[in-house]
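The lines below spell out each chain.
There are 2 protein chains.
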Amino acid sequence: MDAARADASDRAVEADELERLRQALEDERQRSLRLLADFDNFRRRGARENEAARGDARRAALLPLLPVLDTLERALAAGSMDADFYEGVAATRRLFESALREAGAEPVEAVGQPFDPNLHEAIGTVPSDEVEPGIVVREVRRGWRLPDGLLRPAQVLVAKGEEPGRPWR
Amino acid sequence: MDAARADASDRAVEADELERLRQALEDERQRSLRLLADFDNFRRRGARENEAARGDARRAALLPLLPVLDTLERALAAGSMDADFYEGVAATRRLFESALREAGAEPVEAVGQPFDPNLHEAIGTVPSDEVEPGIVVREVRRGWRLPDGLLRPAQVLVAKGEEPGRPWR
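Residue numbers (numbering that gives the first Met the number 0), protein chains in the order written: chain R, 0 to 168; chain X, 0 to 168.
No wet-lab data here; the hints were simulated from the structure.
Nothing here was measured: the structure is a model prediction, and the numbers come from that model.
Glycine included, C-beta positions come from ideal geometry on N, C-alpha and C.
Don't take each hint at face value.
Said to hold, decoys possible - Covered stretches of chain R (in silico footprint by chain X; criterion: 3 or more residues with CB under 8 Å from a CB of chain X, positions within the stretch not fixed):
| # | stretch |
| --- | --- |
| 1 | 26-39 |
| 2 | 84-93 |
| 3 | 133-142 |
To be verified - Ranges between beta-carbon positions, derived for each pair:
| # | chain 1 | residue 1 | chain 2 | residue 2 | range |
| --- | --- | --- | --- | --- | --- |
| 4 | R | D147 | X | E16 | 51 to 59 Å |
| 5 | X | S97 | R | P116 | 37 to 45 Å |
| 6 | R | R42 | X | P116 | 18 to 26 Å |
| 7 | R | D83 | X | E129 | 29 to 37 Å |
| 8 | R | D147 | X | A46 | 15 to 23 Å |
| 9 | R | D147 | X | R21 | 50 to 58 Å |
| 10 | X | N40 | R | P116 | 42 to 50 Å |
| 11 | X | A77 | R | R42 | 22 to 30 Å |
| 12 | X | D55 | R | R42 | 18 to 26 Å |
| 13 | X | N49 | R | P66 | 41 to 49 Å |
| 14 | X | D147 | R | E18 | 55 to 63 Å |
| 15 | R | M80 | X | A90 | 17 to 25 Å |
| 16 | X | G148 | R | E129 | 50 to 58 Å |
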């Protein structure tokens, strides 16, 4: 009778142990699954962040160079009586543009296009009889875009209608 | 006796089940540990790759722009009789340099430095009585470096000794 009781007690301990192990195994499996899911998310986010880091670095490298091209263009616009020197500088400007394109940048289309707040920054309006209201009539500063977004907007003047109440006043 | 045998058989099954569960739990724990370690490695590698992607993008953006500055410098070196235009272009050149510095690039020190194959590319040697052999005496094309490495080497002329057998001939 004592032996039987001890036996029953052993079996209860074993049943507890079985239950504990089953629970622990289930917990551990859930933990692995969560880890796998986290890992997968992290991998996907990592690839996206890598792309974003690339884009940021290119943007940060190119942005300070755009005013240099602006200055060069202003110098050329002023003209020179030294034709040889002028031609050398004009060649540099063309090279500058190709280098920016090689680095992935493209000028934003502006004059003749409908004003687009995603690409253009309106710094004024111009009355015009010839051009539809809302069309860009002059580019004051060139805009540049990258494949992954705008580098800087074009600063433009926009045609406004003669009548009051038109969108561009 | 039959009951006792059945009982013994039950207990053997239970013992097997216990053993199987313990093994499965151990396997699952090992699996979690491996996953954690993989995850950790991946995270570390991800951070490094992110830095590398940033560096690559900056390098790719800046490299095509360096010949533009070279051309501008050559135009300026030729001089001009149009002082105003020349000054405008000289200002552009200064702005260009600041923009490159703002983008993280620094010129490589060359003239007066000992030739360093990690920074300089020797395109010739010059006999010199005044300068120690192996010292850079002229920079033909400026070199540029980034915080994470060389952008392009300086192209230089290096002093060679008058006697034969010196390292720079």
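Going through the hints against the structure:
1. 26-39: holds (count 8)
2. 84-93: holds (count 6)
3. 133-142: violated (count 0)
4. R:D147 to X:E16: 51 to 59 Å: holds, 57 Å
5. X:S97 to R:P116: 37 to 45 Å: violated, 31 Å
6. R:R42 to X:P116: 18 to 26 Å: violated, 40 Å
7. R:D83 to X:E129: 29 to 37 Å: Taking Cβ atoms as reference, D83 (chain R) and E129 (chain X) lie about 35 Å apart, which means the hint holds.
8. R:D147 to X:A46: 15 to 23 Å: holds, 21 Å
9. R:D147 to X:R21: 50 to 58 Å: holds, 53 Å
10. X:N40 to R:P116: 42 to 50 Å: Once the Cβ atoms are compared, 45 Å apart, the range 42 to 50 Å for P116 (chain R) and N40 (chain X) holds.
11. X:A77 to R:R42: 22 to 30 Å: violated, 55 Å
12. X:D55 to R:R42: 18 to 26 Å: holds, 20 Å
13. X:N49 to R:P66: 41 to 49 Å: At 29 Å between Cβs, range violated.
14. X:D147 to R:E18: 55 to 63 Å: holds, 57 Å
15. R:M80 to X:A90: 17 to 25 Å: holds, 19 Å
16. X:G148 to R:E129: 50 to 58 Å: holds, 54 Å
The earlier numbered hints that this structure contradicts are 3, 5, 6, 11, 13.
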